[in-house]
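Undergrad: Taken in order, these protein sequences are the chains called A and B.
Under our numbering, the first residue of the first sequence carries the number 1, and numbering increases by one thereafter.
Under our numbering, the first residue of the second sequence carries the number 1, and numbering increases by one thereafter.
To be clear, the hints were calculated from the coordinates, so they are not data collected in a lab.
Only a predicted model underlies this, so the values are computations on that prediction, with no experimental measurement involved.
Worth double-checking, as some hints may not be accurate.
Claimed, not checked - Below, in silico cross-link-like pairs of lysine-lysine (DSBU-like), each with a Cα-Cα straight-line distance of 35 Å or less:
(1) A:Lys70 / A:Lys51
(2) A:Lys70 / B:Lys71
(3) A:Lys70 / B:Lys14
(4) B:Lys70 / B:Lys57
(5) A:Lys51 / B:Lys71
(6) B:Lys71 / B:Lys9
As the list claims (entries may be wrong) - Between beta-carbon pairs, the in silico distance windows are:
(7) A:Val84 / B:Asp30: 33 to 39 Å
(8) B:Gln56 / A:Ala52: 25 to 31 Å
(9) A:Leu45 / B:Ser73: 37 to 43 Å
(10) A:Asn58 / B:Ser73: 27 to 33 Å
(11) B:Thr77 / A:Val44: 23 to 29 Å
Beta carbons: idealized from backbone N, C-alpha and C, even for Gly.
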Amino acid sequence: GQQLNQSPQSMFIQEGEDVSMNCTSSSIFNTWLWYKQDPGEGPVLLIALYKAGELTSNGRLTAQFGITRKDSFLNISASIPSDVGIYFCAGQRGASGSRLTFGEGTQLTVNP
Amino acid sequence: DGGITQSPKYLFRKEGQNVTLSCEQNLNHDAMYWYRQDPGQGLRLIYYSQIVNDFQKGDIAEGYSVSREKKESFPLTVTSAQKNPTAFYLCASSITSIETQYFGPGTRLLVL
Numbered sequence: 001g002q003q004l005n006q007s008p009q010s011m012f013i014q015e016g017e018d019v020s021m022n023c024t025s026s027s028i029f030n031t032w033l034w035y036k037q038d039p040g041e042g043p044v045l046l047i048a049l050y051k052a053g054e055l056t057s058n059g060r061l062t063a064q065f066g067i068t069r070k071d072s073f074l075n076i077s078a079s080i081p082s083d084v085g086i087y088f089c090a091g092q093r094g095a096s097g098s099r100l101t102f103g104e105g106t107q108l109t110v111n112p
Numbered sequence: 001d002g003g004i005t006q007s008p009k010y011l012f013r014k015e016g017q018n019v020t021l022s023c024e025q026n027l028n029h030d031a032m033y034w035y036r037q038d039p040g041q042g043l044r045l046i047y048y049s050q051i052v053n054d055f056q057k058g059d060i061a062e063g064y065s066v067s068r069e070k071k072e073s074f075p076l077t078v079t080s081a082q083k084n085p086t087a088f089y090l091c092a093s094s095i096t097s098i099e100t101q102y103f104g105p106g107t108r109l110l111v112l
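Chain B on its own, in the form it takes in the complex (with noise of 0.2 Å):
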């Protein structure tokens, strides 16, 4: 089936660690995004990627880091530097950077 895997689907993590979440997809799209979703909250854009080896900030970076070494693979790292990164963390795909993105279906992490 094409679609976006996201794993684990829950993460514990102690202070002061630093964290990977997985984002795989196979529909073969060009983009892909990282989106936190707080209680009550729209979502928040943390890094983008609109080709394989580039990235680039979003509106609350601090804290992240990311990789894109394959058109398949968008890991996002929580680093130690986030001080709040209890949340609900979506990864997105789309063809290119301006068609429509389609989700995954989320990683929530918590801090122990």
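Bound conformation, chain A alone (with noise of 0.2 Å):
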């Protein structure tokens, strides 16, 4: 199945330092979503997105539908230890279909 191309596949930071990374896609969809996983544990949504040019904050959290539908990032400001985890981008072509197509995730590592 199609992959989303999400970046950086990394990241170590120092706690205060913002982060941002992004996803990419040949295809339009209609919703993007953004996942937390932490290790061992199930994708917990963080910001959900369902309109081309959408800016959603949830906290220290933003997240931009693309204005083409074929992008999405997402923001976390001043970053604190229990951000560490995995971030997964997910697309949704809604009505036309049901599957989520994800990406392959960020690592975060976030150093005190």
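Using the supplied hints, reconstruct the complex from the two chains, each of which is provided in its own coordinate frame.
TA: In structure tokens, the structure reads:
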């Protein structure tokens, strides 16, 4: 199946730094989702985006739905140690099908 | 509490054996999904069900089987035909097939 191109694959940052990651696709999606996965656990939904150009915040997290519908980014401001984990983007075409297409994840490490 | 439960957390299987992974949800969601996750990779869809008594193959259905006899339950059987079954298996559900998916805690399957 199709995969999204998610970058970077991994990031090592100092506590307090801002983080940015993004996903791109050759296909259009109607919904973009960002999940976080802690080791040995299931992914937890962080932010859902439903409209091209939409910018949504959830605390220190901000995500945007690209205007072309082929990309999305996630920013984390003032990182803290509990931000450590794997962040996944996922695209969904909505009414035309129920499948989510996932990126390969960004492994984030935050050094105290 | 409402949510998605998967059991067991860890499962060991001998080569040549079938094994069934449990997924239960009490969210009254119509749609349920099974994903496989390998180290350093994104999630790949095995099977999904949009409604009771109906299910469709995902991208990597070979060697797996499912049933959806009850709305709350979507068990996954890993058969002996699956040549590389060691992985982390995640179940998800959504209100309908076009709504946001929420994940269970996962089951890690190890082949001895």
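Undergrad: If a hint holds in the structure, say so; if it doesn't, say that too.
TA: Status of the hints after comparison with the structure:
Between Lys70 of chain A and Lys51 of chain A the alpha-carbon distance is near 12 Å, which keeps this suggested pair within the 35 Å criterion. With a C-alpha separation of about 34 Å, the suggested pair Lys70 of chain A and Lys71 of chain B falls inside the 35 Å cut-off, and the hint holds. Of the pairs offered as hints, the one joining Lys70 of chain A and Lys14 of chain B is violated, with about 43 Å between alpha carbons and a cut-off of 35 Å exceeded. Between Lys70 of chain B and Lys57 of chain B the CA atoms are separated by roughly 18 Å; this keeps the pair inside 35 Å, and the hint holds.
For the suggested pair Lys51 of chain A and Lys71 of chain B, the alpha carbons sit about 31 Å apart, so the restraint of at most 35 Å is met. Under the criterion of a C-alpha separation no larger than 35 Å, the hint pairing Lys71 of chain B with Lys9 of chain B is consistent with the structure, at around 22 Å. Checked against the given bound of 33 to 39 Å, the beta carbons of Val84 of chain A and Asp30 of chain B, roughly 34 Å apart, stay inside it. In this structure, Gln56 of chain B and Ala52 of chain A meet the distance hint of 25 to 31 Å, their C-beta atoms being roughly 28 Å apart.
Taking 37 to 43 Å as the suggested C-beta distance range, the pair Leu45 of chain A and Ser73 of chain B does not conform, at roughly 22 Å. Here the CB-CB span from Asn58 of chain A to Ser73 of chain B is close to 31 Å, well matched to the stated 27 to 33 Å. The hint said 23 to 29 Å for the Cβ distance between Thr77 of chain B and Val44 of chain A, and at roughly 27 Å that hint holds.
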